[in-house]
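Using the hints, put the two chains back together into the complex; each one sits in its own frame.
Residue numbers (numbering that gives the first Met the number 0), protein chains in the order written: chain A, 0 to 328; chain B, 0 to 315.
These are computed hints drawn from the structure, not numbers from a lab.
C-beta: ideal position from N, C-alpha, C; glycine also.
Incorrect hints may appear among the rest.
Footprint (simulated), chain A over chain B, 3 or more residues, beta carbon under 8 Å [unchecked claim]: (1) 86 to 99; (2) 243 to 250.
To list a few chain A residues with every Cβ distance to chain B over 10 Å, as calculated [said to hold, decoys possible]: (3) S20; (4) A120; (5) W173; (6) F216; (7) L286; (8) I326.
Label-pair distances were calculated between CB atoms; the ranges are [what the hints assert, rightly or not]: (9) Y14(B) - F252(A): 34 to 40 Å; (10) H311(B) - A200(A): 54 to 60 Å; (11) E43(A) - P38(B): 49 to 55 Å; (12) G16(A) - H8(B): 22 to 28 Å; (13) Y14(B) - F235(A): 32 to 38 Å; (14) H8(B) - L312(A): 40 to 46 Å; (15) L312(A) - Y14(B): 52 to 58 Å; (16) I219(A) - G165(B): 23 to 29 Å; (17) D67(B) - R112(A): 56 to 62 Å.
What follows is each chain in one-letter form.
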Amino acid sequence: MARQPDQPRERTRGREGSPWSGLWAVVAKEMADHLTGMRMRILEILIVLTAVGTVYAATQNLRETVGQDPFILLRLFTTAREPLPAFVGFLGFLVPLIAIALAFDSVNGEFSRRTMSRILAQPIYRDALLLGKFLAGIFTLALVLATIWLLIIGAGMIGLGVPPSGEEVARSLWFLLATIFYGGIWLSVAMLFSIVFRQPATAALASIATWLFFTVFWGILAGVLAPILQPVRYGFPEEILAQAQLELTLTRFSPNTLYTEVMLALLQPTVRSVGLVLPIQLHGAVLGTPLPLSQSVLLVWPQLTGLIAATILLFALGYVLFQRQEIRA
Amino acid sequence: MGELVVETHDLTKKYGDLVAVDKLNLSIRQGEVFGVLGPNGSGKTTTILMLLGLTEPTSGSVRVLGLDPARQPLSVKARVGYMPDEVGFYDELSARVNLIYITKLNGLPRAEAYRRIEEALTRMGLQDVADQPVRTFSRGMRRRLGVAEVLLKRPQLVILDEPTQGLDPEGAREFLNIIRSLKQDGITVLLSSHLLHQVQAVCDRVGLFHRGRMVLEGSVPELAQKVLAGAYHVWLQVEGPEDAIREALRQLPGARDVTREDHNRYRVVASEDLRAEAARAVVQAGGQLLGLGVETPSLDDIYARYFEEVHHGTTT
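Same shape as in the complex, but just chain B (with noise of 0.2 Å):
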């Protein structure tokens, strides 16, 4: 447990009627690689934006890096980096000159400047396009030279708002190699984004936004066990009678749904790995087990069930 890099306190925006931010307590801790999770229009972007103090917050507190955006911008500016979605450039000038212009806006000297712009184009592989306009490049290099600016400032949080989204697989998974990469250097991430996979393959902890609330919080697995109600689903390939099958899955302890999904094929749903018990089981009731496996719960099934229970009422 790492200090604190971002804390909010019952963090409300509202624009007129509409409350795009309700109430949001939200800590991100030091090193950590943070997922804001949730459907268009759920307040992730105002919350990063107030985060960045680009836009004021109705009421509640928000401290970054121990400061106040709002009163102190310059300050978390000069600290956190943030990569907006659909990050635009100067498109007729340079990748160089339009990192130039950054490093004065942060007030670098010259030679210091420069060093860290052939650094970070180093190391997002921009070197040898540095000198074309931005105008030819490719979407992936584009999220590239948003990285590379953002390295700028040599940076304690790094903020990327849906920093995948557009992008091809392979650009997406070098992009996700970018974040670990980030971690490693001990910066602090917070993406935002509605691809579930991927903010599952980097982040540490995830936070479900709904209406401009966190709706749910945690690592993958809490989550899992949080929205699934039991994390482990173990399928079952069974050649037998039915209802004998049927019944011995029932029976064992920790399960809590059985279902057959194809005319040989059933799915447990339990609160732990019940594979050796669900084999024994199968054999006993007259049998014959043909496969069997445990399906680890994607943040993709946690996501839908969460919004089918929403949609259901059955969560408020």
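With the rest of the complex left out, here is chain A (with noise of 0.2 Å):
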């Protein structure tokens, strides 16, 4: 049969009223899906219990320095006593953990329980449903972790008896943006395996082998990598630069790296750079003293806009899949 000629026109002309009627129902029911079930009671346990030994642990090491250091608080999250990391080391395996939990089943649950078509026959878009988990996912992220940010401050002014300084709390602000942002790459990735598996379990496996190899192995690979795609020939200064740059950019595509490294530049106030520094670019640098937030802030503005960035793209990704996704189990 003939194309009909009036149908492509018909199919360009826009769609009837709003893509994000229903959103808020959406946001609404899935956060308090969220919050009250056992999965994120367990993770909410298993969070407070290491920020409280963490934090205590750091207070003990802190004390004796306490009016020595005008970043006390910050060393808070940073400061590690034996045999516990420090806060921010835990909060690097721990967010992801929370994010996958919360997405993982997000759209194939909705399948296997067979509401999907009775959602999707009510008077909303897939829009609306996609986003409203995702915002949901996010706002429970940061829901809890600025619980934990306020726990932290709180019990470090009543460990160490010293008040937040502005600064120090404009740069854990940055720094709790930095980590929900982190978490919502690992809510994107577990959502868009949550798209394209039907099972579950496929999906949870799927986001944690996801996020093993960028832990684990992609730093190795890195390592692996850029010595071939730049080899060392003649063992030339720039030769021996340029591989370690490439190793370097390499790291980067893992989200663990841009997290650390702005995790670095926030809470340390002296780290001055995160990438390669030839000496020669240190000229005239007083080392040992802090940045202005400001100039911490600009150091590490590629790699916050890159988490950033990433967690838009992995959600785009997902929902251009699901926009396609046929509803028919």
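Written as structure tokens, this is what we have:
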């Protein structure tokens, strides 16, 4: 049959109504699910226990140096005491775990519960459902992280007896924002897999595998790939530098690297560079003096926008796949 | 004849090379209960999804309540209630909370929503279990909850996909009464099923689907006329000379086929009710008439016969 001539024109005409009608109903429902679910409670207990443990250990260490360090409260996040790693070290893998736990069954769970066609038969677009689920995940994550952030600051004030300075609060707020988007990436990854795979268990496994790959193997792989792609043939310093640069660039494809760099620059004001630094570039710098907040943020601005961009890109990919997905099982 | 609630014109849906729905022309009038029948994979669910705008047609046009589901999906979905096959709910939430979510998605104001929820739950006999988690519900209760959800919208058209599948006979009978009560409220009902006697019990008209095409359409007697080539099966229990009786029955005007089923049981297939004539003929042929009756054709017969013919290639 010949294609009707007026059909393409009809398709391009805008859709009726707002794509976001029903969005807040979805967000409210999903957040209620997250916050009352057993899964979330277990994770909350886990993260609160780590926070209490590591911060207590850090306070014990820091008591001796109160008064010497102008950024003592930030040290709460980064100070480790054997055998415990620092709180930020824990966050690096707890945040992906929470994010994956929140999203790995968000779409395929609706299919396996056979609620998807019933929900989409309501006067909403798919856009509202998917974005609603994503926002609910981000809000839940933000809520949990903000609570812990407040707890740590509070515990630090009691434990150390030092009120936080404006700059410390500002720095830790930036750090909170970076942590939320670091979680956002894993939320998008898990959601993407929950669209691709029909089995929630498969989606969870794929998400964890991706996370493990970037946490453990990507660094090793970057170390292997860099010499192959940028071999040092004659031993010139330029060659060695280029290889090191390439390796660094490669490792930055991992969200973990980006997050670690952001964390370093924001929580340790004395950090002046997160990349390679040649001695000549340090000429005239007074080592050990803290950078102002604006400079620290500027230093990791690419990493910060990278985290946000990756979150949005992954979500967009999931969005496209979900729009094209057939509803029938 | 009311106005048309559903109207499709050469509606086609292809999944790659597979033609799920092939040039479907379907029209359903207001206030009608229309049954869509067919084996699994004959395009019933795909058709329903296209009516709701949940799947885009490959070609052809659809009108539901005068709207195009592909371009005005929100208006269509606000007016059409849909209960999918194997309807699922959020098991950990109560029946009431499940319904509240649906009213929110429909953008109903809170007071109105609560009033409608109460009304729908009461009508479906679920008011006593409204605050229990759906996980504790039986299959029949879930289906009733599905209808309660559909009623929240005050729909003009209700689409039920395999509503009685997996229900026990009592549950199925109850469900058919629910469908009848929807019809009494003036709601148009589109119902898909492969449980034929149930379709026959409630539907005004049926459409028989086969490989994405609607091969037959009409009321059950009309279909019987078309497929069985004579809607009446008269059976007789006669004792007497077999050949004479058989010949006498065969001579009856309107008789198409005479078969001897048992040693004294005969069946006459005819285009009209031949009981009186058959009785007379048997007696005149020297037989003793012991019993006589007529079987009205069931949709099962029509269905079985139709697919038998398709199998033998007598119908295209």
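* Enumerate the violated hints, using their earlier numbering and listing them in ascending order. => 2, 3, 4, 8, 10, 13, 15, 16, 17
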